[in-house]
Structures are given as structure tokens and as C-alpha cells.
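Each protein sequence line maps, in turn, to chains A, B, C and D. Numbering-wise (our numbering), the first sequence opens with residue 1 and increments by one. Numbering-wise (our numbering), the second sequence opens with residue 1 and increments by one. Numbering-wise (our numbering), the third sequence opens with residue 1 and increments by one. Numbering-wise (our numbering), the fourth sequence opens with residue 1 and increments by one.
FYI, nobody ran anything at the bench for these hints, they're computed from the structure. The beta carbon of each residue, even a glycine, is placed where N, CA and C say it ideally should be. Just so you know, not all the hints are guaranteed correct.
Stated by the list, open to error - Between beta-carbon pairs, the in silico distance windows are: (1) C:Asp118 x A:Ile167: 23 to 33 Å; (2) A:Gln288 x B:Leu106: 28 to 38 Å; (3) C:Ala372 x B:Ala305: 38 to 48 Å.
Said to hold, decoys possible - Some chain C residues well away from chain B (every beta-carbon gap over 10 Å; in silico): (4) Asp31; (5) Val117; (6) Leu224; (7) Glu229; (8) Ala328.
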Amino acid sequence: MKRFRIDSTIIVLGILILSLIVGAILVGTVGRNFLSPGNIRDVLTGMSVLGLVAIGQTLVVLGASLDLSVTYVISLASLLGATIMNGNPANIPAAVAITLLVCAGIGLANGLIVTVLKVNGFIATLGTGLILQGILNTNFEGSAGAVPWEFQLIGATGVGPVPVSTIIMIALAVLVWFLLNRTRTGAHLYAVGGDPEIARLSGVRTRPPLIAAHVLCSVFAGLAGLLLASRLGVGSPTVGQQGGYALLSIAAVVLGGTLLMGGRGSIWGTVGGVAILAVVDSVMSVMQVNPFLKDVVRGVVIVAAVAVYSRRAIVRRRPRFGAGGTRTGGDDAAKAAEGEMAAAASQLADTTPVPEGGRA
Amino acid sequence: MNALRALVSPRGAVFLLLVVLLVAVTVLNPSFAEPGQLMRFIQRVAPIAIVAIGQYFVIIAGEFDLSQGSLITAQVIIAGNLVGQDDSRTVPVLLLMIVVGVAVGLVNGLITTLLKVPSFIVTLGMMLALLGGVMWWTGGAATGNPADSFREIGRGGIRDVPFLDFIPWAVFILIAWLALGIWITKLPLGKSLIAVGDNAVAVDYAGARRAWVTTRAFVISSLSASLSAVLLVGYAGVHPSVGRGYEFVAITAVVLGGVVLGGGRGWIVGAAAGAFALEALFMLLNIAGVPSTLRDAVQGVIIIAAVAYSAVAFRARRRRPREPVATPEPATTPEPAMTSTIHTEKIRGD
Amino acid sequence: MNATTTQPVLAVSGIRKSFFGVEVLKGIDFDVRPGEVHGLVGENGAGKSTLMKIIAGVQPADEGTVAYRGEEVRHAHPRQAMDAGIVTVFQEFTLLPERTVAQNVYLGREPRRAGFVDRKAMIGRTADLLSDLGVSFIDPQARVGSLTVAEQQIVEIVKALSFDAQVISMDEPTAALSDREVELLYAIIRRLTSRGVAVIYVSHRLKEIFDLCDRITILKDGALVSTDETADLTTDELVRRMVGRSIQSYFPDAVEGTTVGEPRLELENCGNAYVDGVSLTLRAGEIVGIAGLQGSGRTELVEGVFGIQAFTRGAMRIDGSPTNITSARSAVRAGLALVSEDRKAQGLALGQSVLDNALLVVRSVFPGRTAASRREVPGVLSSLEISSRGVDQEARFLSGGNQQKVVLAKWLLTQPQIVLFDEPTRGIDVGAKYAVYQLMRELAAQGKAVLMVSSELPEIIGMSDRIVVMHDGELVAELPAGSAEHEILGAATGAGGAR
Amino acid sequence: TTDPSVAPAESDSPEESAETTEWFDQELFDKQNEERGVEPQGPADQPYLQHINAEMVDTAEFASEGAEKACFANASISNPWRQTGWITMNEQLKSLQADGAISEMETRDAQDSDDTQIADIDYFISEGECDVFLISPNSTAAMTPAVERACETGKPVIVFDRGVNTDCYVSFIHPIGGFAWGIDTAEFLIDNLEEGDKVVALRILPGVDVLEHRWAAAEKLFDEAGIEAVDYFTGADPAEIKSIISDELAKGDVQGIWMDAGDGAVAAIEAFEDAGADYPVMTGEDEMSFLRKWKDTGLTGLAPVYSNFQWRTPLLAAQMVFAGTEVPKEWVLPQKPITEGELDQYLEANDGMPDGHYAKFGGEDLPGYPTVWQERQIP
Ligand SMILES: Nc1ncnc2c1ncn2[C@@H]1O[C@H](COP(=O)(O)OP(=O)(O)OP(=O)(O)O)[C@@H](O)[C@H]1O
Ligand SMILES: Nc1ncnc2c1ncn2[C@@H]1O[C@H](COP(=O)(O)OP(=O)(O)OP(=O)(O)O)[C@@H](O)[C@H]1O
Ligand SMILES: [Mg+2]
Ligand SMILES: [Mg+2]
């Protein structure tokens, strides 16, 4: 009865496995082992920061918005975290709290500009990004602050070859998965991204979910900034731009099967998309590909991978004839139910007017 | 009075912004009001306005072109490396640049329409691949500026004109490109593009070759970027950072000009005016001596405010009664209708 | 029913509403009582949907009050109206294709346990609601986008039923339903009213209005004409009040001198993934009606002919010569036109002007003829009696009927030889319907071939020279003009006999 | 498990690594000012082997037989200066491979990202089987812990260009520095301008220490000399530079141009030409585009140098380390601006090189000269 549909997450997984296999072979040709601890750590480390950003970006994209300001939020967060910590482990909780609060505030501003002022997310966050850049340039000259050793451990330790930062990223992905699938906010976010007017007519208040998505996106960017601070040992006003996180995170989200128009997508797809990018990057680094050529390969891989399933992703109706058709493949339930419906109709019509229950 | 009303309307917001900015510039620096300075200003805006015009066609069709900036860089470097100091190569290289522009537009358009990859992603990939490719080819730096005859297009003009003093070629090129753009918007192609941005399915059901319609928008966009590159080679010279970020500047300009991201609504002249407003803003920041570190912040605030203004004003206008000129909806025909057949009287309330 | 004696549960008074300075509701007074079905009728653009939206809290009224259970309310968000117990089935679907049935039904008020969405409860309750209606063929976990339009309409109704509503407004709930499902809806409505729920019912199908309603309110041009007990109204009187004149006949006769000529379109064993074994001949001057149940494949048949889902099997001839139609473009070039079923999704670019929409096809396929066609536009529009504020009006702001006329104009301008109409009168008022019928007759008289898909049997019977019946993707019967309803239905249900 | 190589760094006291937001550093200023005047030691015809005020360290512990493997963590090759250097470095590698000193060099390019470079260094440590680490840090403070981890492997570490906040390396190679650049250029402009004249400073981007030091020194000197200086960030975009100068010229006269890198110098000069204004007194860089324009226009100029030949030195240092010869702990390379008198000589020497080439690239004796540089063949 349940209609089978190739989930885009499965396709992402397929592409990931393919790139792993091809990558392992290529890495093998230069006498390296793709699955060596050092390499696994390299790939997973590459995933952690972009993964955090992309998780947040997924929320915003699901709501049919975009966040181009993440790069600057990341830089600001790394600076705030590092300067507040200022080398003193006792400051860590305060630094993390303040940093994330500030980021949440930026996200709130983004969300309000998008929902209340009705500025398209692309332009709104481009604008807030510029504002943040101005603030960074005015207040910080170069790297600043100092991250105590205890906090650096987050970026530098691991369970076997798996960095703690990756574990944190995956744990947060689970949380977001929960948010999307088990909370009203998640359900409403899908609805608002799918069609805000339909959501409104269905009684959904359309602003809160999208504002929440923007707040969370900025908080995730803040977490990415803190993670970078932990890896760098200092805060840096350019660390966000260095990674090109805004566009790459959007690419990863779309690579993961989330519709850029919003309303459909999954967090695991995004994690898969991030993994594909990390694998490709790592393989190219081992192969010592010319850095300019790396960008060419990245561009081609992104487009090609999205092309694999984008044609499929278009909603199609079930065929009646041919393979998998309702006529040839079964699904006679609807026909069988015709009698049932008639019966129900007459039964309903016969019901004696007994008021059933009050309002709940 | 009427002009004033038009200015505060959402469609006119960009012109209002432009006027305000230019007045502010003139107040701070009266010499700007000299006609010669104005010409120089237009020369400076021309490359941005031209990419904005190209981006306009992509955006009204509901798509994005993020590859414009990289294409400009690539074309600038192509010009620098292939023309060299040899004047006779100017024309062949110009033709080659057109071919490259068309090719990039076709690839963007066909992958978007036939493979159904969102244009944001296609052109993002193109942005990475083009820039990486051309840097790889040239080892990161062009050989040098091309011959002066080539650069004359973007740098030169008619000198010693009475009153105006100097009219850069860029001014004519911009006017011609804008006129061409306006003309295209009146053609079936332009109308189809805006219809695609509005409702792509309806355009399919109307028998249009939608893939080809949309693809041509990308070609126009890429050609605009190429033309802009020709101007920039002259104006600025060859350097791998020429063109960087132009795609965002162009999109911002188009949106400032009242064009709706997502397609279906917007005026090409607004898009060009958006480019003028943006460049006037940069100039104001330069002239006002805003600290270099604060520039970006001021720019961000103004962009958000301007776009928010037209979004909010548009909503307000939807509610407000229209201007008195509007004809009231004619009452449904009282007679004779039902028995008669198709009649051909002139439509009312036209 | 003793509804007359009770106090109204909902009463609106003096409601005014303008768009762009044009008043579309001019001081409406209207009320519904518990347990009553209150019909709301009027021509296209009369303001019915606007009134419903004001009651539902979707749009604010400019003036006037809404009183609910005796108290004045001002619902600024649909949410507030819903919480109060006013639920609306809107004219347009309010379903998200990417979400499941259960997620759609409970959108906005997902059941929760310990703060989290209780998916089991949500699915279970949706399944209960569905099985309550005998609808076992809709899986609560299916994506709505994978359902047929009829199934979606049922989900839409189930969504309204999932509330404990005091007032349910239904804006053309049967537009996409076939008779069988309409009957089910009747039963649902009767059960609701028996519980004391008030129902506001908007439909252009006058039969339903008379079948169901206790009272009928008529709107015309945004003004209230009358509110009467159903028993006090006749169909003729109702129509006269709606359109401001009386109607002799619902279906115009064939234009004199119309002759059936040579075959224009011949299909031989055509088929694709959705239809199969279609053999059909359409002659010049002929109107052929296609009947069938929802989802029987009628739309898919015309879309096959028109090249949108091109046939992969069989042969097609136009005017005797073999033609291969692989895309809508080749269809238009071959002289076909398709007035599609869903004018908002497939017919119009809503943000564009009436003029641009009218020229959409010409521009797309015959760009060279654009200038000439532009000159014809005013004539064609006025021949269709479009009431709009001129050709520069955005299509979005036209009422449904006028939008349909713009779609017709768009096709007429291409001077088609074979015109396919898919549900041409869906959701348009009697006056406009008549104009569409008249247009079909005119086309036939000009020697064109007309194929009409319709879910309204009277329309099929009243207009067709020949009736073809579809069932589950195949043509199952061909009946002569004037066949009886039960004959058609028998074939359509695949039973081969009357129900 | 905690990565054993991550230990609390001793040098990581907050005062030291917490950089203040003030770039000017009197001590460094004085040091570099002094170094400008010192006659470098070493072979006169091989500036890339010269050093200033060097304190030599013994490297006997690293002495080894046969060819060794070098691992190079590069910050990026994203600007013409780094590209030119990278070409030179590769040619140097070829010659050392031919000599049998270096077997191979594995390179990871961080594409301007601190985070990537840290991962690159960690990858080298665990997978690279490196005999020597060459590191061109993307940024100073951020790369310090990773460099320390590399040092802990016991293999020699050679850092060049930008520095790190640790001295665990065997040698740190760099030209005199940003303050020296700032002093050279500012003094030149001050000498050629009057008090009250206006200088427009065209800077690439904020926050990069090498660049910030240049401006910090120059700004201080301008201030003391009563020269009015306004600064802009240009992103090295010539179109932006041209607009900025045009606006400045519309506001009033500009007598001097100061640049923190030669990129876009031509556009700045052209802006004066287009506006019909007199050429400014100007400092650019030893990039060919500037030298050529300087020659064409005959303006009063100076080309400060951030010695590009330093890209040869790390590999040569590695060779010395494996040979057990002593190397300077802090290897300060000479950094002498090109003056008007030397202009023709450098133009001639670099004839046929592309505009983005650097005159003092110092690779004239390497195998691929000159085609590899002329065609800018990047591996
Ligand atoms: N959002 C809107 N903006 C502008 N005009 C509108 C809007 N909504 C409706 N109108 C106009 O208000 C009038 C009434 O429209 P409404 O949809 O209420 O009619 P209706 O009676 O429901 O017609 P139909 O039977 O065709 O559905 C029409 O003239 C329509 O053009
Ligand atoms: N499985 C499906 N998923 C999505 N849409 C469907 C599906 N099946 C049918 N549809 C759409 O539903 C509509 C009705 O389908 P179909 O052609 O089968 O019925 P029909 O006989 O034309 O009925 P009607 O036109 O009265 O709705 C069509 O627009 C078709 O595209
Ligand atoms: Mg309606
Ligand atoms: Mg249909």
C-alpha cells in the first residue's frame, strides 16, 4: 500500500559510496591508504565545521530562505569565543554562552528582516553579512584572543580516528532530525517552506518557524565558529571567509537532496552532501591536485551530483500502464473501496442525529 | 506632483534612492554636478549596470546566475593573454569572447533546464570551474594588459565635446545595451521569460520551448558579463580580481531595482537604476570619508532598508485604494447576453 | 429541520471590502444557524470567496462586524478562527504535496505527547477519520502529491472534519468530485448538521444547492440580493436573481448550418503510461464529450493528444495525414488547443496582465503573429464578455470565471482547428458557462472539432454530439447524443449497467 | 583518546598569543629599522642565501645520508606573489632532486584556510612519512599549535614567510618585514612630498599581519611628518582602485599614492591619467606591471620589495640541515627596494616576463629559466 519512492537521501548515500570507492582507488594509485586513521581523521575533520554550518543552513533552506551571512557569523563567533575565554578555562562556559547568544541575536535579526520586512532571504542575509563584516573590520584587526588548552581539546581529540568535533556534529544532526520530525516547529517549517499561503490557511503561524530556523542557523554557524576557535587556538576575523562556508553549505544542502525552494529535504542528506564534498577534497589533497584545478573539480562534482537525482525529484504521478503501473502492478484498493464508500455514505446518511461529544 | 508620487511608489523607490544619493554626493562635493564628472560616473557604472541588465533576464525567469563574476574574470584574462600587444587581434579575440560567453550561457541554461539542476547550483559550479579553469590555464596571472586599441573601448571616448567635455564609449555602449534589453523585454522572448518566472507550467502548456526560452536568458546574462569584461579590461586593466563579486553586486542591483527574486515581476530599467544607486552609494561612502572599515556595514544597512521599503510599500499599496484614475469595475452585462452569440463590441473600461 | 427558530451561531453585518479601491463586498448581512446548511450563490466574482475568507480570518474586512456565538470577533489569523471553531474548506486546495496525508490533516495542530509530535496518534486518528468515511484506499502515510485530485479533495474534507467545528464553510468542495463522492459529501454534511454544526456551502452546481441547503443567500456584484428558505425558491428564480435576468435554456442549440464533416483528428490504439488502446475519431463540426469518473484518465487522454504526456503507442492523424505530436508545441502547430483543467496551475501566469496572458500561446509558438494578435485581443475579450478593469489588469485579481475566459481568449487567438476542453466550466457561474457553451457551438459551426471532458453529466448530455466514456485509462463505450445519465454512469463505473 | 601530540603548549601564555588590536609594535619597528641598514652576510650574488644578524644553530642531529622527503604545507597560491614564488620553489626542488638531496616534495595547499592547513599538517604528521616539514603558515597565531605538533615528531621544521608564535622550528625564513617596508615607502614619500600633502593609501584587505605591519609603520611616519593619509581597502580590484582614486581626485588634489602591495598600481596611475591630473609620487612593488608603468610614465616612484626569492631558501635550508651544516635560527633575508636608478636593470633582466611576475624572484640560475616563469607553469 505504501508507495515506494526512491528517497533522495538514498541517492546521496549512493553517490557518497561511489565517491568513496573511486576515492579509495585513486588514493591507492599514489600508494596511500584511504582508510588509514590519519586519512579518516582528515576527512572527518573536513566534515565537522562545514557539517555544522550546513545543518543550520538546511533549516533555513527548508523554510525557503537562505543564509549568506553564516561566513561572518562564524568569524565573529570565533573572535567572541576566543577573546572572552582569553586563555582562562574558567571563562569557557561564559564565552560559549555569550557567543551563542550573540549569534542567536543575529539569527533573530535575519529572521525578522525576512519575515516582517519581507526582504528576500538572499538579499537580507547578504545585507546582514555586510554589516557584520563592517563590524568585524572595525573592531578586530587580525586574530585575537586565546583559547585555553581545555577548549582546544575539543578540536584536537578523538575517539580512535573519529574527532570529537565530528561526534558533536553528528549528535547535533540527530537533535535537528528530532526537531524536524518530532516537533511542531519542524512540521511547520516544512509547511512554511512548502507553501506559506497554504500553511497560513491551515492555521499555521508562518513567522515563528522561519524565525526559529534563522536563529538556529546562526547558532549553528556560531558553533562552527567556536569549533574553529578551538582548532585555531585564537579567534580570526577572516576564518569564515577562508572556508567559503556560505556557498559551500548551500551546495552541500542541495547536494543532500533538499529542495532549494524549500519544503522538502532531510538532515541526513545534508550530512551526506557534506561527506561527499569532504571525500572529494581529501582525495584531491592526497593526489596533490593543482589548487586551481581543485575548484574546477569541485564545481563539476557539485553540479553532476545534483544532476543525478534532480530530474527524479520532480513529483510525478503514478503510471497506470507499464512497469509499476497501477493497472499492471496491483493497487486495486481504490477500486475495491468503491463499495465501501457507498456503504459508508448510506451509513452516514442513516445516522440518527445524536450529538456526539462536545468540543474537545 | 505626479513625478513625486511615482518616486515614492515601490517601483520608483530605486529612483528615489538614486536621487537622494546623488544629491548627497553633490552636496558633499559640488564638483560632481559638472557634466564631465557625471559622464565619468556613468562610465564607472556601465560595467555593473550591464551585468545587472543581464542578471535581470535570468532573475525574471526565476533563476540565478552566480557565474557572472567568474566569467568576467575569465574573459578579462582571455583578452589580456590573447590580444597581447597585437592590435590586429582585437577583432578575433572579441569574437572569441562572444563565443565563450555564448558557450557558458548555453551550458548554464541547458544544465538548468534539461537536467533540472537548480540554477543556483549550476552557476555556482560554473563559478568555481570557470575561475579555477582560467587560473589553471594562466598560472594565476595574465601576461599583461592588452593593446591600447582594445582597452580604448572601456577607457576612451569622445574628447573635447562642448559642455560635456568627454563622453566615454562606455556611455554609448550602456545606452545601446539597455535599449537592446528594453527591446528584448518587449519581444515574445522577454514576455515569455517573465511568464516562465510567473508560471512555468502554464508556459509549457502554451507550447513554448521553455528550455530554450530560459537558456537564452542565461546566454544574455553571459553575454552581458562578457561585454562588461570588455569595458573592464579598458577601465581597470587585466587582473584576476577584476569581476570578483560582480554576481552579488548585480543581483543586489536588480533587487534594489524592484525585481522580485523568484521571477515574474520587475522592470529592466529599475535593474539598471539599481546598479546606478549602488555605485552612487559606493561613491558617497568614498566622498563622505566613511572609515574604510565601516563601508560594508553602511552598505548593508542601506540595501536592507531600501529593499524592505519597497516590499512594505508594495504591500501597503495593495491594500490602499488605487489612484483615482482607475476605472471602476464595470457591472456585469445587464443584457442581452444570454441569447446572443459572440459579439465583438469594443471592450469597456479599457 | 427546525433551524429557523435557533439563534444564529455566526452573523456578519455590514461587511465591506475593497481591492485597489474597487468595492467587491458592499455591505453584506448574513447569518448561519446551528444545524443549518446555508447556500451561498452568485456569479463569478460576486464575492463569495472573499466573504468566506473574511469569516475565516484570512483577510480583514474594511468595515462591518463578524459575530460568533453572539460575540463580536476580529480574527486576524486563520488560526484564531479555527481555534474558535470556524473551519473552512477553501476553493483552492490547502494541501502540501510533499507532506503525508496525516501531516496535512493535522497541520497546525499536530497531536503531541510530552511536547513532541505523536506520530502514531496522528496517523491513527487520520486513519480513523478516513475509515469512518469508508475511504480505505488513501494511506495516511502517503504523500499527498502522489494522490489524484479527487483523493486530494477528500483529504481536504477530512482535514476540515478533523476539527471539532461549530461552523464549516465549504467553498466549492465538489468542483473536483464525481457523483459518487458528492453523495458521500452529502452524507457527511447531513451528519454534521445533525450534530448541530452549521455549514456554509458555496457551489455553482445549483442541483447541489437545492439538494442540500436549508436557506440560500444570493450575492450579485458584491451586494446582497436575498436570503430565502430553499423551499421558497425555484431554480429559475435563483438564476434570475443571480444574473439579473431569466434564462431560457442552460445549453444553447447548435448554430444553424453546422454540419459534421470530414474527420479532423483520428486516434488509433494510442497509449502511454496513463491511457491505453485509445481509438477515437473527431470530425469537423462535431462536439464530442468524454465522460468518466474522477481519475478515469480523461485529462490524461487529452494531455496525450496535446503532447504533454505524448503517446508512446498507436497512430494519430490530423485531417487525414499522419501526424506525430510529441510536445505541446507540435500540437499547437498542428492546430490543436487545450483549455486545461487547472487554470491557475496550467493556464495563467497570474502576475501578468490579461493582455500578456491572452498572447501567451501566440508569443510562444507563432511569435511572428504577435502584433496582429494583439490587435485582435480587445475584440476576443469583449466577445467573451470579460468583466475586468481593462487588459492591463493582473490576471491574479480576476475572479475564477473571468480567468477562465482569459484562458479561452489565449487559445482562440491561435485560431485552432481542434479544441480540447478539459472541465471547461469548472467553478464558473451560469452566465459564464453559457458563454463557454455558446463558444463551443460557434467553433463547431466554423467547422472545427471540439472535444470536451466534463464531470458534469448534464453538460455532457446537453452539449455532446457523441459521448465517449472512459474507465481506468481506457475508452469503454461510445454513446449517441442524448443518452441517459444512467447509461453513461453504467459504462463509467465499468459495471456495464446502471447503478 | 586524547591525541598525544596535543599537549598544553608552554609558549601559549595568554599575554603572548593574545594579539592586541594595535598593530604597531615599537620593538619590532626598531629592530626592522635597524636591519634595513645592515649589510647582509653570505654570497653577494645569491641574495636568497644571505642573512642579516643571524644567530646560527647547529643541525648535526638531523644530518643524514641520501635523498630525503620534504612535506610542504602551503598556505595558498592565490595571489601573483605566491604563484611566482611557488614556481621558483618547484624549480629549486628540481635542482635539489638532481643533486640527490631531496627525493620528493609532497605538497598540500590550504587554499587560504587556517583550518585546512592545520588538517594538512596533521595529515603530514600521521601519514606523510616526512623527513622535513616546510610550512608557509596561513596565519601566525592559528598555526602555532600545529607547527608545535610537527616539531614534536623530532623532524626538522622550517617555517617561512609568515611566522608562528613558537621557536621550536629549526629555521624561520623571512625578509626583514612589514615595518621595514612601511619605513622604506613612507620615508620615500615624505622625502618627495611637502608637509600637508595628501597620500592615498591603497590597501588590499584588513587583518593580515604582513600587510598590517606595512601600514602601521607608514601611517605612523606620515603622521609624524604631517602628511595627510587616507586609507582604503580595495581587495586588489583595479576597478575599485580606479573608482577610489577618481573620487579622491574629484574631492581635491592627491600628491602621493602608497600601496601595501603592487597589485592594481597600474589602475591607480591610470586614474590620474584619465582625470588629467599630474602623476603622484608613488610606491608600488616589484611586480612587473608597476615597473613597466613606472618606466612608461617616468613618475617619481619606488618599488619596495617583499623578497620573492625567499621561496628558494626553505628547500636550500633543508639541504643544509640534512648535511648537518648550521643554519640561521631566524633567517632574515635582505629586502631592498628597487629605486629609480635600478629600474632599467630590473626591467631588462625580466624582459618577457608576465605582468604578474616579481622582479626580485631570484631564480635566474635555476633549470627552467626563463620559460617556466614566462609561461607561468604551475604544477
Ligand atoms: N486578493 C485580491 N486582490 C484583488 N482583487 C481580488 C482579490 N481577491 C478577489 N478579488 C476580486 O474580488 C472580486 C470577488 O472575488 P471572489 O473570489 O470573492 O469571487 P467569487 O464569488 O468567489 O467568484 P468565483 O465563483 O469565480 O469563485 C473579484 O472581482 C476579484 O477579482
Ligand atoms: N497519481 C497521481 N498523482 C498526481 N496527480 C495525479 C495522479 N493521477 C492523476 N492525477 C492528476 O489528477 C487529475 C485527474 O486525473 P485523471 O486524468 O486520471 O482523471 P480525469 O478522468 O481526467 O478526472 P478529472 O479531470 O475530472 O480530474 C489529472 O490532472 C491528473 O494529472
Ligand atoms: Mg470563489
Ligand atoms: Mg481531469
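Hint-by-hint comparison with the structure:
{"no.": "1", "hint": "C:Asp118 x A:Ile167: 23 to 33 Å", "verdict": "holds, 30 Å"}
{"no.": "2", "hint": "A:Gln288 x B:Leu106: 28 to 38 Å", "verdict": "holds, 33 Å"}
{"no.": "3", "hint": "C:Ala372 x B:Ala305: 38 to 48 Å", "verdict": "holds, 46 Å"}
{"no.": "4", "hint": "Asp31", "verdict": "holds, 26 Å"}
{"no.": "5", "hint": "Val117", "verdict": "holds, 30 Å"}
{"no.": "6", "hint": "Leu224", "verdict": "holds, 16 Å"}
{"no.": "7", "hint": "Glu229", "verdict": "holds, 26 Å"}
{"no.": "8", "hint": "Ala328", "verdict": "violated, 4 Å"}
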